[in-house]
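Novice: Each chain, letter by letter, is given below.
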Amino acid sequence: MKADRVLLNILVFGQCRALVGADVAPVMVVVPTTAASALDAVCDQYPQLAPLRSSLLVAVNEDYARAETPINAGDEVAVFPPIAGG
Amino acid sequence: MKADRVLLNILVFGQCRALVGADVAPVMVVVPTTAASALDAVCDQYPQLAPLRSSLLVAVNEDYARAETPINAGDEVAVFPPIAGG
Amino acid sequence: MELDSAGDIIALTPEPIDTPGIVRRLVRARVGAVATFEGVVRDNLHGRRTRHLDYEAYEPMALKMLRRVAAEMRANHPDLDRLALIHRLGRLQLSETSVLVVATSPHRATAFDACRFGIDRIKTLVPIWKHEHFEDGDVWVEGVRPTLDL
Amino acid sequence: MELDSAGDIIALTPEPIDTPGIVRRLVRARVGAVATFEGVVRDNLHGRRTRHLDYEAYEPMALKMLRRVAAEMRANHPDLDRLALIHRLGRLQLSETSVLVVATSPHRATAFDACRFGIDRIKTLVPIWKHEHFEDGDVWVEGVRPTLDL
Numbered sequence: 001m002k003a004d005r006v007l008l009n010i011l012v013f014g015q016c017r018a019l020v021g022a023d024v025a026p027v028m029v030v031v032p033t034t035a036a037s038a039l040d041a042v043c044d045q046y047p048q049l050a051p052l053r054s055s056l057l058v059a060v061n062e063d064y065a066r067a068e069t070p071i072n073a074g075d076e077v078a079v080f081p082p083i084a085g086g
Numbered sequence: 001m002k003a004d005r006v007l008l009n010i011l012v013f014g015q016c017r018a019l020v021g022a023d024v025a026p027v028m029v030v031v032p033t034t035a036a037s038a039l040d041a042v043c044d045q046y047p048q049l050a051p052l053r054s055s056l057l058v059a060v061n062e063d064y065a066r067a068e069t070p071i072n073a074g075d076e077v078a079v080f081p082p083i084a085g086g
Numbered sequence: 001m002e003l004d005s006a007g008d009i010i011a012l013t014p015e016p017i018d019t020p021g022i023v024r025r026l027v028r029a030r031v032g033a034v035a036t037f038e039g040v041v042r043d044n045l046h047g048r049r050t051r052h053l054d055y056e057a058y059e060p061m062a063l064k065m066l067r068r069v070a071a072e073m074r075a076n077h078p079d080l081d082r083l084a085l086i087h088r089l090g091r092l093q094l095s096e097t098s099v100l101v102v103a104t105s106p107h108r109a110t111a112f113d114a115c116r117f118g119i120d121r122i123k124t125l126v127p128i129w130k131h132e133h134f135e136d137g138d139v140w141v142e143g144v145r146p147t148l149d150l
Numbered sequence: 001m002e003l004d005s006a007g008d009i010i011a012l013t014p015e016p017i018d019t020p021g022i023v024r025r026l027v028r029a030r031v032g033a034v035a036t037f038e039g040v041v042r043d044n045l046h047g048r049r050t051r052h053l054d055y056e057a058y059e060p061m062a063l064k065m066l067r068r069v070a071a072e073m074r075a076n077h078p079d080l081d082r083l084a085l086i087h088r089l090g091r092l093q094l095s096e097t098s099v100l101v102v103a104t105s106p107h108r109a110t111a112f113d114a115c116r117f118g119i120d121r122i123k124t125l126v127p128i129w130k131h132e133h134f135e136d137g138d139v140w141v142e143g144v145r146p147t148l149d150l
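Protein chains in written order, with our numbering: chain D, 1 to 86; chain Z, 1 to 86; chain Y, 1 to 150; chain B, 1 to 150.
Bound-form chain D, shown alone:
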């Protein structure tokens, strides 16, 4: 697979959205990458998220991701805090 540097428009929700001040946090990443690496990248480029790093969740294509879940160009990626519905 060819490695490409791309802009990933990460969707952010809840307190992450509030801290970023927008619904989307664009980050530059080299694809293919992983959920853990994408999370590192967003916390690096949006340092206000860094204190939450250990609790944040990643979804890829509307499913919860594990650290090693792959991310390719065109995937829908979201980052958000633990969920509190109900």
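Please note that a few of the clues may not be correct.
[Claimed, not checked] Quick partial rundown of chain Y residues pointing at chain Z, CB under 10 Å, derived from the structure:
1) 16
2) 60
3) 128
[Said to hold, decoys possible] Chain B residues, not near chain D, derived (Cβ > 10 Å throughout):
4) 71
5) 87
6) 91
Hints were generated in silico from the structure; no laboratory data involved.
For each residue, glycine too, the CB sits at the ideal point set by N, CA and C.
Given chain D, put chains Z, Y and B in place with the hints provided.
Specialist: Using the frame of chain D, we list chains Z, Y and B on its own:
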């Protein structure tokens, strides 16, 4: 305690009421008596209830009675089949 | 139907049960969870097609037993808030509500546990009988003997 | 809110949840038991007085997860009839319903078990966040990490 022959107006419900054809089944008993004896008396005087005898319940003063629960003159006594609310 | 001194609604009624109205009157500001159980008239019993049901009760004793169930719910669940225990009497058509149990609480575990206990206990304690009318006959529905170790 | 192809109602909505209307549309003739859970906005969180709440969702994923919860309920309970899983979004006032779970079945054990499973699973699976506004401040309510072994 003095033994007295009295008329006990036993309340009947559900299939018992339907079989008796009335809301009340008066029976002659000697008081003090017991729930088991009152049940014997009502099945004796209303033989249409006799086939149900082993399943019937007795309440004395609006509480479930055991076989040996005492019945005195003036007590409210009811006889009915197993309950089917809900 | 009035709230009693504990703020509960415990009743036998020949009228249709107004579930949303009951719930609205029970829920107060401290409550975060409402668990509701409704028994409704099914269209069959063991495959026989039901036309309608008649419920009858030994009314004063049934009310006394409903109040006992409410007391047991409270004893089991100190953080239970208001509750409702209501049984319909008389003739019911298909899909009408025969029994309503509502349990409110700050927390959902209590609401669920109390609600389920309430309906289970009604079925084993409250003197009510069901006469089921089918398209081709009728039957007094076989009941249960109450648990007498109260 | 429409019934889906399975006859269920699964939705996220900014409008008040019409619980009685939902229940009425779910219950069909074969059903004998309806278990309902409503989460409602409480007047306090750990003693701080709540003024109102804002819920937000990752909407397409939240809908997908609600549908997954429904599928799990069905898989666990073959005799479950229609169900509803509805979560409110946006600003909610005290005592408004934030979440509704309805499970209908011929039998009460299934209705209760499925309903409880439904709300427990919503809380551990559906991406929704709660921003609570108090009289003296606000907080993003601490959430839970989903169980990932699905």
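Novice: What are the numbers of the hints the structure violates, in ascending order?
Specialist: Of the numbered hints, 1 and 5 do not hold.
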